[in-house]
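Colleague: Below are the chains, spelled out letter by letter.
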Amino acid sequence: MIKITNLEKNFGDLHVLKGINLDVADQEVVVIIGPSGSGKSTLLRCINYLEKPSGGTIAVDGITLSGEANINAVRREVGMVFQRFNLFPHMTVLDNLKLAPKKVRNVSDKDATETAMALLRKVGLEEKAYSYPEQLSGGQQQRVAIARALAMHPKAMLFDEPTSALDPEMIKEVLDVMKQLAKEGMTMVVVTHEMGFAREVGDRVVFVDDGRILEEAKPDDFFDHPQNDRAKLFLSKIL
Amino acid sequence: MVVNLDWELISESVPLLLTGAVVTVEITAISVGLGLLIGMIVGIARLSGVKPIRLISGAYVDCIRGTPLLVQIFIVYFALPAVTGTRINPFIAAVVACSINSGAYVAEIFRGGIQSIDPGQMEAGRSLGLTWGQTMRYIIMPQAFKRIIPPLGNEFIAMLKDSSLVSVIGFEELTRRGQLIIARTYASFEIWTAVAVIYLIMTLTISRFVAYLERRYRTK
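The listed protein sequences correspond, in order, to chains D and X.
In this text, residue positions in the first sequence follow numbering that gives the first Met the number 0: the first is 0, and each later residue adds one.
In this text, residue positions in the second sequence follow numbering that gives the first Met the number 0: the first is 0, and each later residue adds one.
Since the hints were made in silico from the structure, they are not lab data.
Honestly, I wouldn't trust all of these hints.
Stated by the list, open to error - Covered stretches of chain D (in silico footprint by chain X; criterion: 3 or more residues with CB under 8 Å from a CB of chain X, positions within the stretch not fixed): (1) 145-156; (2) 164-176.
Said to hold, decoys possible - Below, computed lysine-lysine pairings styled on DSS-like, alpha-carbon distance capped at 30 Å: (3) K50/X to K127/D; (4) K102/D to K160/X; (5) K17/D to K127/D; (6) K178/D to K127/D; (7) K127/D to K101/D; (8) K102/D to K50/X.
Even glycine gets a Cβ: it sits at the ideal position worked out from N, Cα and C.
Using the sequences provided together with the hints, build the complete structure.
Modeller: As structure tokens, this is what we get:
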């Protein structure tokens with residue numbers, strides 16, 4: 000589904016990604032963990048070109064990212080959920096979900112509304128359809144953001160620390176929605192600090208530090224028997 | 000010192016001044032309207048990823064904001080016809096000079112408004128597959144518009160006052176009407192005071208209206 004080859008990224012003199020190779024299979028849930036500043040968010044943002052790679056190639060569903068037209072084609076197929084939700088504050092929840100399907104996929108208003116309501120039901124927020132984002136709690140906003148990305152019927156979903164900006168009591172409701180998605184077979188790449196989620200839901204854990212992938216393993220193997228020294232150090236600090 | 004105001008002269012002159020005030024409002028509204036259009040395009044152009052577009056729009060803003068409106072009016076009304084050989088009507092000249100001038104200030108207002116929107120909004124729009132233009136139109140601009148209502152109101156008030164400068168090319172707006180009445184009656188004190196009061200009433204009305212708009216849009 001996603002094939003990353005030799006990905007490099009520089010911000011000026013700062014070398015953030017140093018030759019990343021990563022394949023994500025269809026219906027696989029890959030969890031990327033690592034210390035802050037390790038480049039894990041940048042890696043995720045490169046997948047749909049919110050950051051332009053300095054080198055290497057990224058192919059999503061067989062389409063290699065290159066020109067602007069290509070980028071839009073890929074972005075339609077890859078949903079993204081941000082740490083700070085980024086809902087559109089001037090629109091109702093329902094309109095947040097309907098905008099992209101209507102403008103990008105030319106879906107009729109009626110069909111867009113139906114899809115949107117079904118997705119809101121799925122994330123448990125049907126009754127908030129006509130509220131504005133600022134009237135919702137953080138957890139509710141993030142669930143709306145997930146529904147908004149799903150409204151485009153993406154083939155894969157990217158999550159950039161989706162629970163890091165949430166109050167502790169709201170983390171579970173968002174993780175539950177993500178678990179449900181994984182169960183339904185969505186291809187997911189998740190950057191997170193939620194180790195419980197990584198262990199329970201992840202098919203594979205990728206440990207990134209200093210712009211490199213240092214270890215890749217099944218969650219149980221990674222958490223119980225980490226091989227890499229820096230991964231061991233990282234886990235000893237957080238577990 | 001006791002000033003004896005010639006009230007009869009004032010009441011006679013006010014209707015004539017008011018017709019001038021209407022012309023002042025007209026030229027201000029047209030200029031700010033066109034300025035809004037220019038300013039929106041230039042404001043967005045200043046944020047363009049294409050360097051030449053950014054440089055040209057930046058140069059326009061710098062040139063206009065770095066020279067006096069009075070000189071710009073002279074250039075449009077006297078200097079350009081001297082080159083092209085065709086005289087322009089003072090109204091057109093006034094509108095052209097004021098619109099181009101207003102456009103530069105409005106462009107900076109738009110640029111600031113757009114830049115004040117969280118970059119996450121553009122990322123969210125783009126990540127959903129919307130183009131840059133669609134994201135601007137449906138997501139960034141509607142939010143930016145609300146934020147720039149107060150500075151746009153200030154620009155309207157500034158333009159209303161600055162439009163008095165077009166009196167120098169003989170265009171008969173409020174200030175010029177005042178000058179003409181004084182030339183006839185020598186009642187300098189009465190007429191300039193009346194002119195000032197009329198400007199004040201107009202600017203206060205506009206600032207109240209802007210405050211109302213601001214309140215209305217903030218509630219949502």
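Colleague: Decide, hint by hint, whether the structure agrees.
Modeller: Each hint tested on the structure:
| no. | hint | result |
| --- | --- | --- |
| 1 | 145-156 | holds (count 3) |
| 2 | 164-176 | violated (count 0) |
| 3 | K50/X to K127/D | violated (44 Å) |
| 4 | K102/D to K160/X | violated (43 Å) |
| 5 | K17/D to K127/D | violated (44 Å) |
| 6 | K178/D to K127/D | holds (22 Å) |
| 7 | K127/D to K101/D | holds (20 Å) |
| 8 | K102/D to K50/X | holds (28 Å) |
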